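S.K.: For reference, the chains in residue letters:
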Amino acid sequence: MVRPARRSRWPLLLALLAALALPFALACGGDDDDTPATAGGSPVAATATAAPSPTATAVPKIGGSMILATTTSTMDSGLLDVLVPLFSKQTGIDVKVIAVGTGAALEMGAKGDADGVLVHAPASEKKYVDSGDLVQGKIVMHNDFIIVGPPADPAKIKGLKDLTSVMAAIAATGPFVSRGDNSGTNTKELDLWKAANIDPRTGVKQREETGQGMGATLNIADQRAGYTLTDRGTYLSLRKNLKLDILFQGEKSMLNIYSVYVANPQKHPTVKLAQAQAFDAFMVAPETQKVIADFKKAEYGEALFFPDAGKTLEQVGQ
Amino acid sequence: MDAVWDGLREALRLIFHGDAELRDIAMRTVVVSGSATLLAMAAGVPAGYALARSRFPGRTVVLSLVNTGMGVPPIVVGLIVWLMLVRSGPFGSLELIYTKRAMVIAQFVIAAPLVMGFTAAAVQALPRELPDMLATLGAGRLRTLWLLAREAQLGVLAAVMAGFGAVISEVGASMVVGGNLANQTRVLTTAISTETSRGETASAIALGLILLAMMFAVNFVLTLAQQRRAR
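Chains as they are written, first to last, in the numbering used here: chain B, 421 to 738; chain V, 350 to 580.
Hint data in this document are derived by calculation from the structure and do not stem from the laboratory. As the structure is a prediction and not an experimental result, all values here were calculated from the model. Cβ coordinates follow ideal geometry from the N, Cα and C atoms, glycine included. There's no promise every hint is true.
[Stated by the list, open to error] Computed footprint of chain B on chain V, listed as stretches where at least three residues anywhere in the stretch have a Cβ under 8 Å from a Cβ of chain B:
| no. | stretch |
| --- | --- |
| 1 | 394-405 |
| 2 | 434-442 |
| 3 | 526-533 |
Model the full structure from these sequences, guided by the hints.
M.R.: See below:
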């Protein structure tokens with residue numbers, strides 16, 4: 421029953437263990453690039469020796485890292501894939517971009533779990549500004565919300581002029597696919613129902629909540645041949661895969677306004693204030709605003725975002 | 350179905366053109382899940398062995414807890430680890446959140462009960478009288494332990510495969526504690542999720558096929574080791 425120990429078996433197991441151990445060693449060694457703030461300043465030195473960009477002389481190299489909580493729509497549009505590397509190059513700051521719903525992003529900022537937030541729900545933002553949880557807010561840009569739906573348009577909303585009748589028509593026929601994830605888009609949708617005096621839970625035929633991001637929700641609306649509220653950017657970037665048309669657009673209240681905030685350093689001493697402020701400043705800097713205005717303009721034939729640095733909420737879109 | 354063929358074509362293109370980002374993501378996936386599996390092995394095999402061989406009050410409760418741990422959804426593990434490691438959490442000052450280390454921790458928590466539970470089952474499946482027989486044959490206490498562990502190898506390797514398979518294929522915990530940061534904590538599963546929500550179905554399928562191929566390669570090696578030992 422107990423076989424004599426045959427040595428010949430062991431090299432294989434040892435090799436296997438070594439193969440598994442190798443990545444572990446690599447993980448420990450290679451993890452430093454995740455935490456430049458604690459790495460004794462070497463990343464700062466590394467960026468300082470990098471080839472200077474044209475603007476590098478004007479922007480101080482701050483270094484370190486920060487957590488930016490933002491929304492899935494900014495992430496899915498790909499805008500941050502362009503802006504963040506630019507920012508890191510200019511300032512030497514490593515940005516960890518966490519894409520969640522606006523509700524979660526605001527909450528992360530309020531708890532000090534994020535240093536900066538980039539969100540698009542002015543009504544929700546106001547509560548956090550009033551309570552002092554988010555400070556130094558700046559309007560960055562806007563795009564707009566649109567209502568998309570199946571080309572057949574069963575609710576006959578195409579050509580309707582005011583939002584109230586659009587929402588009423590959709591409520592009567594459905595289906596409507598909602599984000600249901602506490603995101604800025606979801607908040608906006610609930611505002612629209614409210615403005616039309618419709619209870620979204622009981623008053624809308626076949627209203628479904630996906631609890632997922634904009635991209636996933638558009639796909640579900642597409643499969644269901646349903647209506648949904650989306651930001652124009654995500655819709656344009658996914659349009660090639662969708663059988664959904666823009667059925668309502670262009671009203672002032674449909675503007676989707678993005679702002680940046682810094683988590684309150686007085687409430688949370690761990691907030692990386694210098695880095696978060698640098699990000700705020702970067703987002704409203706003239707060169708960045710130009711990049712935002714030009715983002716994917718050539719590809720889609722129309723702009724995805726409109727820069728708004730220095731404007732007030734009332735001035736946006738005028 | 351077109352997407353699947355497009356995905357296959359895209360997968361082959363990515364692999365044979367040596368796409369740098371893909372290589373990094375694949376490497377990162379192996380590093381993170383390999384580390385977590387190794388740690389789960391280091392902790393889970395001895396613990397599972399001890400659990401199988403010892404008798405103490407409440408042992409059934411502990412075993413049940415381990416068996417429950419084998420089925421806990423990764424997203425729940427991710428949420429708890431996130432709450433621990435996030436800045437406002439008890440271990441926030443360690444600044445581990447949104448790093449590969451955080452992902453290793455979460456994946457370890459997922460894999461350890463699997464390794465432990467399967468190991469315990471494998472050791473318990475050995476004949477009850479085996480320790481006594483070994484003692485009769487003149488084996489000392491340590492030597493007995495060693496020989497028992499060797500006898501249970503088949504099951505232990507199955508335990509390791511189960512642990513590795515669970516962590517390399519999970520997406521919820523990695524997403525929550527790693528943050529899916531490009532070039533930092535994006536692994537194959539979270540990249541698939543990103544590509545899907547961006548509507549890039551072909552590259553999502555491509556990444557999925559690469560993940561499958563990697564899992565097959567690792568499991569092939571482990572199964573080879575297991576079956577050699579079984580002869």
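S.K.: Tell me whether the statement that chain B covers the stretch 526-533 of chain V is true, taking a Cβ distance below 8 Å and needing three residues at minimum.
M.R.: The restraint on the stretch 526-533 of chain V holds, since 5 of its residues have a Cβ under 8 Å from chain B and three suffice.
S.K.: Mind checking, does the stretch 434-442 of chain V have 3 or more residues with a CB under 8 Å from chain B?
M.R.: Per the Cβ count (5), the hint holds.
S.K.: With a C-beta cutoff of 8 Å, work out whether three or more residues of the stretch 394-405 of chain V approach chain B closely enough for the coverage to hold.
M.R.: violated (count 0)
Hint 1 from the earlier list is the only one contradicted by this structure; the remaining hints agree with it.
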